[in-house]
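Given chain A, work out where chain B should sit, using these hints.
2 protein chains.
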Amino acid sequence: MSILVVGSVAYDTVETPFGKAERVLGGSASFFSVAASFFTPVNLVGVVGRDFGEAQLAAFKDRAIDLEGLERMAGDTFHWQGKYSYDLNSRETICTELNVFEFFKPKIPARYRRSSHVFLGNIDPLLQREVLEQVEQPQVVACDTMNFWISGKLEELKKTLARVDILLINDAEARQLSGEWNVVKAARAIRKLGPRTLIIKKGEHGVLMFSEQGSFAAPAYPLEEVFDPTGAGDTFAGGFLGYLASTGDHGESALRRAVIMGSTLASFCVEAFSLDRLLRLTRAEIDERYRLFRRLTHFEEL
Amino acid sequence: MSILVVGSVAYDTVETPFGKAERVLGGSASFFSVAASFFTPVNLVGVVGRDFGEAQLAAFKDRAIDLEGLERMAGDTFHWQGKYSYDLNSRETICTELNVFEFFKPKIPARYRRSSHVFLGNIDPLLQREVLEQVEQPQVVACDTMNFWISGKLEELKKTLARVDILLINDAEARQLSGEWNVVKAARAIRKLGPRTLIIKKGEHGVLMFSEQGSFAAPAYPLEEVFDPTGAGDTFAGGFLGYLASTGDHGESALRRAVIMGSTLASFCVEAFSLDRLLRLTRAEIDERYRLFRRLTHFEEL
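Residue numbers (the working numbering), protein chains in the order written: chain A, 6 to 307; chain B, 6 to 307.
Careful, some of the hints might be misleading.
A pair holds if it fits inside one copy or across any two, identical chains being indistinguishable in the list.
Stated by the list, open to error - Distance condition first, Cα-Cα at most 20 Å in a straight line; then the derived SDA-like pairs of lysine to any residue:
1. K207 <-> L228
2. K164 <-> R282
3. K164 <-> H303
4. K164 <-> A69
5. K164 <-> E276
6. K190 <-> P227
7. K164 <-> R180
8. K66 <-> P46
9. K190 <-> L297
10. K207 <-> L301
11. K207 <-> E276
12. K207 <-> D176
Please keep in mind that the hints were generated in silico from the structure rather than gathered at the bench.
In isolation and in its complexed conformation, chain A is listed as follows (with noise of 0.2 Å):
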């Protein structure tokens, strides 16, 4: 098994009201591949600028993380700047810089093909559709989207939607989507437009699954310290499908323990800045935590 992530790879400029992080590693992609890799080998395919240095690529390398999908085009990293409210609720964008970001055409290395599992990160719905078709029959595709591509080009995204089969979106994304207020008629709109699995992000209030079997709902992890909650979302996605593809299967039992996974991986992420968390996170940690969500919401039979 392996994952082929597709998505930025970026310098943040973040301000909480814990403090300040200039020009640290993000992007939706780094998020993803770093919580993905520790379960299952990843391809990564995004692309940087002259100015990405070796001290964020070391992130990477000691990691099951594959760069060969790496570009290194002329001009700067895409860099991103926001500033969160005083309770980490709502950010606002400084600047986007998109530098060589706004340039990118992901070419798919060929080793990469045959990857298992394929994470079509927030980017242009037609570029998501021209990796799929450097690739060859993964076994499950799961795509994020976003507002802007919601509102810009929705035709194009519904036709990359047809061949996703889990969509992961928060939730206001899928009101915007489907134009349903409630997240269950909304969850069936969107289904009937390719993903047989919806994952919507609820941020601190955790994540709903619809499904073939129904639905699951899944709560964040109280926690004490949210310190910048940057990232949260791609590494949930990470963990989700890096656990999944690690268990070979996709039925429903799988799909929930992957939904709980992403959420363990995604509440340490929110710990630190950046990805100064998950990189010195270690599998016994996961695992404990994995453990604490199962005593967080279990209850017996009547």
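This is chain B only, laid out in the frame that chain A set:
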């Protein structure tokens, strides 16, 4: 086992995106009592005016709800009028006519004084304490409150909380009461005020319980049609405490099952205006939805 509940019995006029109900049965003690009465006999203490009709009384009379403590006073019954936003996530109070409720002084009938469980609905914390002074060593005292008392009568409220075992409030109230944004920190601060167990209600996002055994997270049941959220919190409290009292236990396992039972009852409450759905609910439907909650949340070990 029996439960003493003290709170409001009211007429509600409610407007939702789906319709309007005029002067229908409402009030915290009404929702609480009907929900709790599925599990444990209820002793109701409240006040209504001369305008309170036989049809409304009938809602209680067919159940294990003792009405000796429902005082009838000259004047009109408490009337609340509210309007929900299109998404049901916020509501505007259009008018609050306290009427006879303004002069409510809870008088506990002699045969209520040995109730094993007490629920102090959302009234002046001074009155809540007067209730406690009229009862004989209940096994469990549960309590609700609101922003009005937290900001207006904090010292009185703290004196009451020192005598409370289980506090049930929403997330905004927990933040206000503790001065902490983070719910884990808020819970720790609030439990120091007295309640061994804190239940934080998050509406469509479910419930968090903090007890001596740690934390427990329960989702709300994902409903396709939420018709009217009025009374959901009080119905939760009724299902919770009614079930808990029926177990004769207040250990962690019973508390967790009680949280799910509260969530189960609340999920029915919101399916119709007023108490309409609760009044035609059967125990078989309740048990079936409890089972669905297990299916909704269950996942396997790694």
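(request) At 20 Å max between alpha carbons, let me know whether K207 reaches D176 within a copy, between copies, both or neither. (result) both (6 Å within a copy, 16 Å between copies)
(request) Since the copies are identical, ignore which copy is meant and state whether K66 and P46 lie within 20 Å (CA to CA) inside a copy, between copies, both or neither. (result) So K66 and P46 pass the 20 Å test inside one copy only (12 Å; across, 65 Å).
(request) Have a look at K164 and R282 and pick one of within, between, both or neither, based on CA distance no larger than 20 Å. (result) neither (37 Å within a copy, 42 Å between copies)
(message) I want to check one pair: K190 and P227. Are their C-alpha atoms no more than 20 Å apart within a copy, between two copies, both, or neither?
(response) Answer is between: at 10 Å across copies they meet the 20 Å cutoff, but 28 Å inside does not.
(request) Please work out whether the CA atoms of K164 and R180 approach to 20 Å or closer within one copy, between two copies, in both situations, or in neither? (result) This pair counts as within: shortest intra-copy Cα distance 19 Å, inter-copy 44 Å.
(request) Tell me, please, which holds for K164 and A69 at an alpha-carbon limit of 20 Å: within, between, both or neither? (result) Neither: 32 Å inside a chain and 58 Å across chains, both beyond 20 Å.
(message) Within a copy, between copies, both or neither: which one fits K164 and H303 at a CA-CA cutoff of 20 Å?
(response) neither (40 Å within a copy, 34 Å between copies)
(message) My question is about K164 and E276: at a cut-off of 20 Å on alpha-carbon distance, are they close within one copy, between copies, both, or neither?
(response) neither (37 Å within a copy, 36 Å between copies)
(request) Up to 20 Å between alpha-carbons, please classify K207 paired with L228: within, between, both or neither. (result) both (15 Å within a copy, 16 Å between copies)
(message) Cα distance capped at 20 Å. Does K190 pair with L297 within a copy, between copies, both, or neither?
(response) between (31 Å within a copy, 18 Å between copies)
(request) First find the shortest C-alpha distance between K207 and E276 inside one copy, then the shortest across copies, and answer within, between, both or neither for a cut-off of 20 Å. (result) Classified as within; 18 Å inside a copy, 23 Å across copies.
(message) Treating 20 Å as the Cα threshold, decide for K207 and L301: within, between, both or neither.
(response) This pair counts as both: shortest intra-copy Cα distance 18 Å, inter-copy 16 Å.
Checked against the numbered hints given earlier, the structure breaks hints 2, 3, 4 and 5 and satisfies all the rest.
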